[in-house]
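J.: Spelled out, the chains give:
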Amino acid sequence: MDVPFWSREIETAERSRIEGLQLQRLRQTIGWALQTALYRKRLSQAGINSPDDIKSLNDLRRIPFTTKDDLRVSFPKGHLAVGMTDVLRVHSSSGTTGIPTVIYYSRDDVDNWTDLLARSIVATGATSADVFQNMMTYGFFTGGLGLHYGAERVGMAVIPIGGGNTKRQIQTMKDFQTTVLHVTPSYLLHIHSKLGEEGVRREDLALRKAFIGAEPHSENTRRKLQDLLQIEAYNSYGLSELNGPGVAFECVFRNDMHVWEDAFIAEIIDPKTGEILQDGQEGELVLTNIVRRATPILRYRTRDLAFLHPQGCDCGRTHRRLSRILGRTDDMLIINGVNVFPSQIEEKIMKIPEVATNYLIHVDKKGALDRLTVKVEIYPKLFLGEVSKLEALKRKIIEELRASITISPAVELHEPGSLPVSEGKAKRVVDDRPKD
Amino acid sequence: MKITQISVFLENRKGRLYDVCSLLGGNGVNIRALTIAETESFGVLRIVVDKSDAAIKLLRDNQFVANFTDVVAIEVPDKPGGLASILKLLSEHDVNIEYMYGFVEKFSDKALLVMRFEDTDFAQQVLAKQQIRVVTEKDIEGL
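As given, the protein sequences belong to chains F and W, one line each in that order. Heads up, the first sequence is in my numbering, so the first residue is 45 and it goes up one at a time. Heads up, the second sequence is in my numbering, so the first residue is 2 and it goes up one at a time.
Incorrect hints may have been included.
Residues of chain F clear of chain W, computed beta-carbon distances all greater than 12 Å [claimed, not checked]:
| no. | residue |
| --- | --- |
| 1 | 104 |
| 2 | 175 |
| 3 | 319 |
| 4 | 324 |
Computed beta-carbon distance windows for the label pairs [claimed, not checked]:
| no. | chain 1 | residue 1 | chain 2 | residue 2 | range |
| --- | --- | --- | --- | --- | --- |
| 5 | F | 326 | W | 23 | 52 to 62 Å |
| 6 | W | 14 | F | 426 | 14 to 24 Å |
| 7 | F | 237 | W | 99 | 42 to 52 Å |
| 8 | F | 204 | W | 23 | 52 to 62 Å |
| 9 | W | 99 | F | 423 | 20 to 30 Å |
| 10 | W | 89 | F | 244 | 48 to 58 Å |
Hints are computed from structural coordinates only; laboratory data are not their basis. Yeah, the Cβ is synthetic: ideal placement off N, Cα and C, and Gly gets one too.
Next comes chain F alone, as it looks inside the complex (with noise of 0.2 Å):
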């Protein structure tokens, strides 16, 4: 099989090159961290207080875990190691509150993620002559922008429809003759189920790839996704506390997702204990971000659930595989490919006055596609007998939920009493979304 590479040199290096790599670019990282307020602190309590103490990657396990809420609490700015001058784009994402995590570029750092992206595409064999539709949402999200970037680095003719419309993507498709599609599994196979209703036949579109991401899914989906569009679909990892997409991608074989680890080190811990695992043992993946200048980020706990490929791969690269996304050690559901918190949801909920305590979250499908539910019981004084301020209170709900969460749910009123009550572990969150 053909291998293309965008930098072959570093992706087929040595492992011992890499790790070279690593260790220098992990201490300058040190270096720019110890000028931020989040890291500044910890770290010296860990006893490191320059670069200089960070002797080999072994020493790696001396830095304390940065989690979520750590950013929370740091946020806006206590992760920022540059002044705003530096700064070139800011992106954010779902925080596990009201508050979201935000994450500073500087231009090298937009410069190298491109490039990482650029690296990703042309791994699975993509090219300047291919037309890409980038479904993805843009935005605040990494996944739409940073595609983009990396897409229009490579060359490709890029369409930067972003997330939804499924007629006018049918359309697009067809018209601009769309080689490869950046999408998540469950819009893809939407569209899929659409192409008929839109009169549009498989052989009137020049589909051949699809990267999809964003969110967990069965080889099973994969599979099902190749043979219904007759395309090969290639998976694609990242997360927006490490720039983004571009984090980990499938080469030209689609047997998981190379981390690019001259820009990432990847552990595998204990998600429990905190331990270090081996390659091939299921675990936490923790990342670190070595060459990010505007927000230096260190072991950060992604609460995905994966394990690391002991061995290497046939196409000669040398980065290490990472198995796709297992679970998550955490509460957090992806809809459609956006992160919800429940607590996020329980936090909007709880400020309105006309909301009882009780509630639930239902996560199903409809169609290929996900559906979220919000069930709330209403506090009995508050109604007056009027339809009018009960439709008004379901709109205000939605409204806070989509402030908070982006993304619009179902919002169903209840009577009081009939959703799990409150005390002890009242189960809140229902997924009958089917696994396969």
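Guided by the hints, dock chain W onto chain F, whose structure is given.
T.: Just chain W now, kept in the frame of chain F:
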């Protein structure tokens, strides 16, 4: 003369309307007029009953979300154009109706209608001036 309407919040659940009716019926409360305002995911039952104080206590004691609303019940000639003639009067006097529904029974040859007005007091003044008969709580208890 205002009468009491009871509104009951009904979530979209099988048998919920039956629960209300059987509770009231089992305790000797008679429903005189009824309508349901429905939306996609819930409904509001509006009823006029013979014993409204007892009924609302009963409902609340049984964990129903219920409240009172003041409405006016009037007699309308039971013939073509009967309702139109009343609505014309109300409209000429700038009285706005939020919703209305009919009684099952009647006292005479005239039909009985429940009306919820934007401004109940003002509507009552207009009705009194026009000598339109307004039904009292006593009338309803005696129906």
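J.: Is 20 to 30 Å respected by the C-beta to C-beta distance linking residue 99(W) and residue 423(F)?
T.: For residue 99(W) and residue 423(F) the Cβ distance comes to about 23 Å; the hint holds.
J.: Over 12 Å from every CB of chain W: does residue 175(F) meet that, or does the non-interface label fail?
T.: holds (41 Å)
J.: Can you tell me whether the CB distance of residue 89(W) to residue 244(F) sits inside 48 to 58 Å?
T.: holds (56 Å)
J.: Can you tell me whether the CB distance of residue 326(F) to residue 23(W) sits inside 52 to 62 Å?
T.: Holds, at about 55 Å.
J.: Look at the Cβ atoms of residue 204(F) and residue 23(W) and judge whether their distance stays inside 52 to 62 Å.
T.: holds (60 Å)
J.: Minimum C-beta separation from residue 324(F) to chain W exceeding 12 Å: can you confirm that?
T.: holds (49 Å)
J.: Is the distance from the Cβ of residue 237(F) to the Cβ of residue 99(W) consistent with 42 to 52 Å?
T.: holds (43 Å)
J.: Beyond 12 Å from chain W, beta-carbon-wise, is residue 319(F)?
T.: The claim holds: residue 319(F) sits with its nearest Cβ about 48 Å from chain W, beyond 12 Å.
J.: Are all beta-carbon distances from residue 104(F) to chain W longer than 12 Å?
T.: holds (52 Å)
J.: If you check the beta carbons of residue 14(W) and residue 426(F), does the distance land in 14 to 24 Å?
T.: With a Cβ separation near 21 Å, residue 14(W) and residue 426(F) satisfy 14 to 24 Å, so the hint holds.
Of the numbered hints given earlier, the model fails none.
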